[in-house]
Amino acid sequence: MIRKIFSGLILVLFWPLVVYPYGLSTPAGQVWLENLRIGGTYSMTDLFKYPLKLNYDGDTAVKLTIEVVVPSTNSVWSGYEPIPDKNWISVDKTEFFLNKENNEAITDVKITIPDDKSLMGKKFEVWLHSVVVPTNMTGLIMGAGVNSRFMISIADRELSPEEKKQLEQKQWRAFTDFELTPTKNYLDVTPGKPVRHKIKLVNKSDEKVVFEIKKIIDTNANPQANYQPLPGEIKVKLPGKIVLAPNSIKEIDFLVDFPKKEYPDKFYSFWIEVTPQIKEIVQFSLRSGVFITVK
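Heads up: the sequence shown runs through residues 167 to 461, numbered per the numbering used here.
Watch out, some of these pointers could steer you wrong.
Simulated pairs of lysine-lysine, PhoX-like, Cα-Cα distance not exceeding 20 Å [stated by the list, open to error]:
{"#": "1", "residue 1": "K252", "residue 2": "K288"}
{"#": "2", "residue 1": "K401", "residue 2": "K374"}
{"#": "3", "residue 1": "K426", "residue 2": "K366"}
{"#": "4", "residue 1": "K350", "residue 2": "K330"}
{"#": "5", "residue 1": "K416", "residue 2": "K403"}
{"#": "6", "residue 1": "K381", "residue 2": "K416"}
{"#": "7", "residue 1": "K350", "residue 2": "K426"}
{"#": "8", "residue 1": "K276", "residue 2": "K215"}
{"#": "9", "residue 1": "K432", "residue 2": "K380"}
{"#": "10", "residue 1": "K381", "residue 2": "K364"}
{"#": "11", "residue 1": "K276", "residue 2": "K266"}
{"#": "12", "residue 1": "K381", "residue 2": "K407"}
{"#": "13", "residue 1": "K219", "residue 2": "K288"}
{"#": "14", "residue 1": "K266", "residue 2": "K229"}
{"#": "15", "residue 1": "K407", "residue 2": "K374"}
{"#": "16", "residue 1": "K350", "residue 2": "K374"}
{"#": "17", "residue 1": "K350", "residue 2": "K416"}
{"#": "18", "residue 1": "K359", "residue 2": "K432"}
{"#": "19", "residue 1": "K370", "residue 2": "K219"}
{"#": "20", "residue 1": "K215", "residue 2": "K426"}
{"#": "21", "residue 1": "K407", "residue 2": "K370"}
{"#": "22", "residue 1": "K229", "residue 2": "K219"}
{"#": "23", "residue 1": "K416", "residue 2": "K374"}
{"#": "24", "residue 1": "K289", "residue 2": "K252"}
{"#": "25", "residue 1": "K350", "residue 2": "K403"}
{"#": "26", "residue 1": "K330", "residue 2": "K364"}
{"#": "27", "residue 1": "K276", "residue 2": "K219"}
{"#": "28", "residue 1": "K359", "residue 2": "K403"}
{"#": "29", "residue 1": "K403", "residue 2": "K426"}
{"#": "30", "residue 1": "K366", "residue 2": "K350"}
{"#": "31", "residue 1": "K461", "residue 2": "K432"}
{"#": "32", "residue 1": "K381", "residue 2": "K403"}
{"#": "33", "residue 1": "K364", "residue 2": "K416"}
{"#": "34", "residue 1": "K276", "residue 2": "K330"}
{"#": "35", "residue 1": "K283", "residue 2": "K330"}
The set of hints was computed from the structure by calculation and includes no laboratory data.
Small disclaimer: the values here were computed from a predicted structure and weren't measured.
With the sequences and hints as input, model every part of the structure.
Shown next, in the form of structure tokens:
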């Protein structure tokens, strides 16, 4: 089974050297692709119905370019290596011209894992760097950019002949007809005083769906500067499961409770992960980040 975890953390960089008030964002800030098999090619559009999308919020006409980047060893997540060859990644369309009316770029991203047994069980990271610059400017220009980080985990077994046939015939699919918002939540917490907060879950499908809801403490890397993983002693109360009728919306109410004491750090974080309980070969989950400031 392939498991894909999508995080809505978006990194938007505004460069002060550019005076035009424009910016770029993407819902694909960080993408985890787990249990991929050697010898397979995986399309973000075909498998996950999740092509790379970039949104432009400015008034000035710009040129958008997308580049595959091999990150440095000291910038990848703990436990991951820089991808050995950026040719593993192909982007269908790498240039777009955007303006106020035509403000969205959509393109497929394909990941091809070589048929090399020495790769089994390894983890790699690759970045897609997208940048916009005004079309009416020349010379050396630094534009507004955003990175999409892809974390790729390779399974410790090969594709079976049947699995390879299914993959080539595009029979693998994921259920992706749901949304989780917002992607980032900021809470101020006073120890000894529980805090409640809500996030919104949307079922966009025509069927009733049961969703599993979990707290994730990710110690692999800090999801945002200065935030530490939430200590295990902190209570987070979440509904374990929630049922949504077709084409409906529900709020997920959760509680964060810090015992009354002093804490060595003032900034903590955790994830809320939502996964539809639907039998699919490809499993798709969404995460919402919770960032806490202890008063």
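Holds or violated: K403 to K426, with C-alpha atoms at most 20 Å apart: holds, 17 Å
Restraint check for K350 with K416, where alpha carbons must lie at most 20 Å apart: With Cα atoms ~18 Å apart, K350 and K416 stay inside 20 Å; holds.
Holds or violated: K276 to K215, with C-alpha atoms at most 20 Å apart: Between K276 and K215 the Cα gap is close to 12 Å, so the pair holds against 20 Å.
Holds or violated: K276 to K266, with C-alpha atoms at most 20 Å apart: Between K276 and K266 the Cα gap is close to 29 Å, so the pair fails against 20 Å, i.e. violated.
Distance restraint between K432 and K380, which requires alpha-carbon spacing of 20 Å or less: Not satisfied, since the Cα-Cα distance of roughly 24 Å exceeds 20 Å.
Pair hint outcome, K366 versus K350 [Cα-Cα no greater than 20 Å]: It holds: about 12 Å lies between the C-alpha atoms, which stays within 20 Å.
Restraint check for K359 with K432, where alpha carbons must lie at most 20 Å apart: holds, 15 Å
Given hint K330 paired with K276 - CA-CA distance at most 20 Å: Given pair K276, K330 holds - Cα atoms ~16 Å apart, limit 20 Å.
Proposed proximity, K330 with K283 (alpha carbon, max 20 Å): holds, 16 Å
Distance restraint between K416 and K374, which requires alpha-carbon spacing of 20 Å or less: At roughly 13 Å apart (the allowed maximum being 20 Å), K374 and K416 satisfy the hint.
Restraint check for K416 with K403, where alpha carbons must lie at most 20 Å apart: holds, 17 Å
Proposed proximity, K403 with K381 (alpha carbon, max 20 Å): Cα-Cα ~9 Å, so holds.
In summary, the structure is inconsistent with hints 2, 3, 4, 7, 9, 11, 13, 16, 20, 26 from the numbered list given earlier, while agreeing with the others.
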